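Chains as they are written, first to last, in UniProt numbering: chain U, 1 to 462; chain G, 1 to 462.
Keep in mind the hints are simulated off the structure, nothing from the lab. Treat the hints with caution; some may be incorrect.
[Claimed, not checked] Label pairs and their calculated CB-CB ranges: (1) Gly393/U x Ala357/G: 22 to 28 Å; (2) Asp254/G x Ser260/U: 42 to 48 Å; (3) Pro250/G x Val257/U: 50 to 56 Å; (4) Arg51/U x Ala357/G: 26 to 32 Å; (5) Ser353/G x Lys108/U: 38 to 44 Å.
[Unchecked claim] Within a straight-line C-alpha distance of at most 20 Å, the following computed DMTMM-like cross-link-like pairs (lysine to aspartate or glutamate) qualify: (6) Lys445/U x Glu96/U; (7) Lys32/G x Asp192/U; (8) Lys445/U x Glu17/U; (9) Lys32/U x Glu316/G; (10) Lys108/U x Glu18/U; (11) Lys394/U x Asp254/U.
Predicted model, so just to flag it, every value in this text is computed and none were measured. C-beta atoms are modelled at their ideal positions from N, C-alpha and C, and glycine is treated no differently.
Number of protein chains: 2
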Amino acid sequence: MNQTQSFIQSNRDRFLEELLDLLRIPSISADKAYSEHVHKTADVIADKLKRIGIETVEICQTAGYPIVYGEKIVDPALPTVLVYGHYDVQPADPLELWTSPPFEPVIKKTDIHPEGAIFARGACDDKGQMYMHVKAVEAMIASNELPCNVKFMIEGEEEVGSPNLAIFVKENVEKLKADIILVSDTGMLANDVPSITTGLRGLSYVEVEVTGPNRDLHSGLYGGCVANPINILTQMIASLHDENNRITIPGFYDKVVELSDEERAEMAKAPFSLEKYCKALDIREVHGEKGYSTPERGSIRPTLDVNGIWGGYTGEGAKTVIASKAFAKISMRLVPDQNPDEITALFKTHFESIAPASVRVAVHPHHGGEASVTPIDSIGYKAASLAYEQTFGKKPIPVRSGGSIPIVAMFEKVLGLKTIMMGFGLDSDAIHSPNEHYGVFNYFKGIETIPYFYKHFTELNK
Amino acid sequence: MNQTQSFIQSNRDRFLEELLDLLRIPSISADKAYSEHVHKTADVIADKLKRIGIETVEICQTAGYPIVYGEKIVDPALPTVLVYGHYDVQPADPLELWTSPPFEPVIKKTDIHPEGAIFARGACDDKGQMYMHVKAVEAMIASNELPCNVKFMIEGEEEVGSPNLAIFVKENVEKLKADIILVSDTGMLANDVPSITTGLRGLSYVEVEVTGPNRDLHSGLYGGCVANPINILTQMIASLHDENNRITIPGFYDKVVELSDEERAEMAKAPFSLEKYCKALDIREVHGEKGYSTPERGSIRPTLDVNGIWGGYTGEGAKTVIASKAFAKISMRLVPDQNPDEITALFKTHFESIAPASVRVAVHPHHGGEASVTPIDSIGYKAASLAYEQTFGKKPIPVRSGGSIPIVAMFEKVLGLKTIMMGFGLDSDAIHSPNEHYGVFNYFKGIETIPYFYKHFTELNK
């Protein structure tokens, strides 16, 4: 891969500029107002794939945003790597907290990124990380060093739960035939502590609506007389955790796989400083399920968080109103072997059951996904580990992450393929938050590391 | 008052048109964007007072919106009625629930208002009710039947807690010298069940802010590890009521005046149908403090309601975020002898004390006001009662209302004057809600009844 690495070094400026251009398109999939931009991004990705030498490129229409597919078959007898990524991004609000506009990428130095980091929505999640693969493959093709076949499947609905990806995958099992799936949509422990994500949490996401009186009421005339939907909603949500911060939904923990003491001891070896953690977030204390450490709470334990709540008067000043309705968006992170559909059903049944007769409650499921685990003795993991060792000079640590890429479980079910999560982001990159950024170091380290994965994966498969 | 009544009858169309014009100005005091309109409304009121023959009219500047003052002194030896009202209105949102635009008044018939009702923000609260006084005084002056002196004090900040009125009143004790204060900013039981408000609840209004991590976080990476400010806020709010729906703030009930069994029995005589009440609001059950009836809960008992709550992602679709902050607006309705400053202080201390160490909490007091009671054996009450008897053909029922006009207690303290609350609105008028309206019957019944109050009040004072 020497030619490939030289090619990367001599094209650094262009590789960076291309990413910045991609980040300028506000491809927010959750908000229909940005539809045109999401579509445009798909076109740009397809064009990029063509330009680097991917022979077959298609923009595959779905009921939602299209999936960009591409493939280059070097030799059908060789292994095939299927790259998955997404070109859509999270909404950027609250906009006022961004120090520079979310879709005008700029490179700024930070303590963690002395070489500079690219500040923009999607810089890390996932345009930056997805585009590393495009550039790594470009470098291998241009250097005549692509050792195996490669397929790309880049979607535009990951941030809204990939509602159409499973349909596409099921309808294209033959086309997507491969030996391994490669994804960069996770993080690593630190720039000098490389790690590979071997586990992901699942997700169940619901929106709840509590309705009291049929119209907003004057809180003086009706206060104390009727159920206030906001007060009731707070009581219902509060009751979802007990005093040990365990979730109270009956049956919620029934299928949770408990780790052995040995496994927990192994996990505890990963470097973690509670003091630094609190300092970075400016909190005095952490908060979570009794009996588990913070890294455990964030990876091997299921959670329930309110992601949004609203109701009544939220403008300037004071309004003495009892709202007719109150709403919340609630997500639950799941662990093996919790089934998201089952958990959503348990939530709905429980939430409806705890509603007092003075209100009506509706639970609308948004989307879900199963948890997944990648074995560290697999060829895919070993190839990735060797690749990191080559570029970082040290072995990566296998880590179970708290995030969810629900489609990883779906890939395994439908395609029978394991996914290797070579994430180069950092927890501090503020993905899904204002001021999302991605280290320039990380971007290029990814581009440099990926070709070695192709090399080792091909060799280990011989 | 025969000439006066004839004058009213022959000017009905004009009186109605003038109110509609007034309702077209969006004088929302809570939102600075409407500042120009609030000021314009003050100018219009001042102009109207001049046109009806009020001799001295001033637009008195304050630190906020101006107070329109006017007086007509018939004879210093005669009693003086001081009319208070407000020309500002509540915000109109949620706009999408209005069946016609809030500032384009239209007259529509309803079951309760077969003669039609004026649909517009401020129709009842308080432009419609305030303007009845302007028109009633016009009729008396035009008919040469004004039996005593009259002063007007119409403010533009009632809906934001009258922050500058007390200052104005304190600085103008001599100017505001009067024998009684007359206010129409309340309601009556029904169009065929006239009533006079003899008690008002006080108010304490706060905004709370819960801060967790220093930035929005990805709920996958941090979910379960850090305190989610929204979850914590729901727990804190939920804990403010116990299982009997009593407020748990220590000391909250200490000064509450408990009514005797006799007083409660007297109250229970007012017509009230729980079935109709629930049906009108489309609720299956009422909800409130154990041991009290619905009318009691809404008048003689203090309450705590969330008037607004917000935090995290509230847009379309799903966003897996842990918000850095969560907010709520909370108001407490108070009864004699609860002191709003004391209650606000008790709330603040308690709310801060129940915050877990994993978050920071800020409590910002908005405004408050004391509860008040008007004795039914006073000359003012008797004059009002006689006036209603004359126009409705039956004695009005004295009623303690759940609403708050905090300034009524302030008037008593600073000016030593009792306030008579001749309200002509109905509970169903949807004040502070979408589709606020005011019966055409009620508007004119008010204009017709007010002159008789002047007559009887002057006579009873002889």
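Hint by hint, here is what the structure shows:
no.	hint	result
1	Gly393/U x Ala357/G: 22 to 28 Å	41 Å, violated
2	Asp254/G x Ser260/U: 42 to 48 Å	55 Å, violated
3	Pro250/G x Val257/U: 50 to 56 Å	45 Å, violated
4	Arg51/U x Ala357/G: 26 to 32 Å	55 Å, violated
5	Ser353/G x Lys108/U: 38 to 44 Å	41 Å, holds
6	Lys445/U x Glu96/U	32 Å, violated
7	Lys32/G x Asp192/U	52 Å, violated
8	Lys445/U x Glu17/U	16 Å, holds
9	Lys32/U x Glu316/G	9 Å, holds
10	Lys108/U x Glu18/U	17 Å, holds
11	Lys394/U x Asp254/U	39 Å, violated
Checked against the numbered hints above, the structure violates hints 1, 2, 3, 4, 6, 7, 11; every other hint is satisfied.
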